[in-house]
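J.: What the sequence shown shows, in our numbering, is residues 1 to 496, in sequence order.
Heads up, some of the hints might be wrong.
To be verified - In silico lysine-lysine, PhoX-like type, Cα no more than 20 Å apart, as pairs:
| id | residue 1 | residue 2 |
| --- | --- | --- |
| 1 | Lys487 | Lys446 |
| 2 | Lys425 | Lys386 |
| 3 | Lys285 | Lys386 |
Hints listed in this document are in silico derivations from the structure and should not be mistaken for laboratory results.
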Amino acid sequence: MKRWLHGGQTRDQISGVACCPKPTWTPGRNVVQMVIFSVFRGTGTTMMLSWQGVSGTSFACLNMLVMMYIYPHGGSGHVCQENEPGQCVQGEIVRDDPAYSDLFCWLDTFGVLFLFLLSGSQINTIKFGMSWHIFFMMNFMNPAIGATPGKIPSIIPGLYLDNPCVETFITSVAGGLLAVLATFVPFPLLNARNAFNELDSQTASIGQIWRESVVYFCGTQRSAKCVQIETRIDTLVTTSSHVQASLEDAWWESAILGRREDTRQLLLTMRENLRDMLDMLYAVKTCILQEDFQGQHQDFCEPLRPIMESMVGEALTLAELCVNSAWNSQVPETLIQALETSVGKVRRLQKELVAAYQQNYSRTSRHNDLLDESILVFALSFTARKSADLAGLVTSRHRQQQALEAGGIGCLLRARQVWSALLRKLWTSFLSTWSPSVLLECDHIKFAVRNYIAITLCFVMGVYFQGYVFTPYSPIMASTLALLISKYKNSAFTNN
């Protein structure tokens, strides 16, 4: 069995230094690797992925520095020769550090891998952390390499610039910075800007859907228009989920660039309001598809149609104005006054719609025939109220900003917001990483066990296999697998 594992050679034949060549590795490769795994379509998302990669790499480097402190020579050694004193057996590996323990290194390797997989860290953190941990420990245990502290001194006593851990950390940071800079060429791909554009497009789509829905619903007969409206609603609801992710990742832009955190918070509020409006479109779709235009439908809708059309035009135009003003740090006083005037019109139209609804509903017979009509009127009134509430938030926010700028404390307040958000994010991230609810989740445990078995098996194969395509103490197979892990089995198979 031993001969098969090592390509037909005995352990004595392959345990020499010559059989374990030092792997060729250049720092530039790590820069490219970091860019490939970090660059994304938005600046904030790229910053987040870069931070995750650097964090995982830092933990692996920290573990390696601790191991080098415990065993300054690592696993470096030589093969016992015939002319050496009788303290060793000929052909046996003699470690340079008598205190070196192979068992302790194996426990550290597998223990750190298990902690990475079991933690609730983001997938990029786990990938880079495990990949570099495997690389460092494989070389550390290799008799031909062992610990390589370096020779070029740094400003930190005992830490050398050509130490593999230091080189890896520096090149990881450089790769992350390069990935972020790539999102600024030829123009910045800010997540906050992308979210603003998507919200603006969604608001315009909601307005168009409502206009077409009122015209169709107040008509006289069914037509293919209802299917078109249904398709538009389904498409809009499907694409709306990207906004939340863009705004969450935009936090990194606010924290690192130190600007537009207040804009991001306002966009988050707008997104919540627009999500409520989108939820109402489900009711609109159901009403339009179920309406048969029979019974009291015409008598009920005809008096309400002018008010409904006016409310749709005023309320959705108001929502579009609110979203358009979100990106402007300084909003003209005329626009604020226009928003306040429009809010008054929407409130007035709401009262007129309620009065007309009560009058026509009491005048007509109370049948279930008017159920869809009642739901549509409620959905429209709710949407109008959300538009008015949104305008109130926007105007109060801009007036508060004007007061702060006039008092000269606007910059200090924004700096305080950025730092408080940064500290809060770090604390919540730490708690979520080791939260029992995350660690004990069934799917998460399956993910950890599945990948742990595969990666540790590859590590053992990398240490002991020799011959054909295998070389002893090769980290390639295990570290590559660590970069390809996924929380979903299908995507993991595709990555492999």
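J.: For each hint, tell me whether it holds in the structure or not.
T.: Each hint tested on the structure:
Straight-line distance between C-alpha atoms of Lys487 and Lys446 comes to about 9 Å, which keeps the hinted pair within the 20 Å bound. Taking the CA atoms of Lys425 and Lys386, the gap is about 30 Å. The hint is violated against a cut of 20 Å. The hinted pair formed by Lys285 and Lys386 meets the criterion: a straight-line CA distance of about 19 Å does not exceed 20 Å.
In terms of the numbered hints stated before, the structure departs from hint 2 and from no other.
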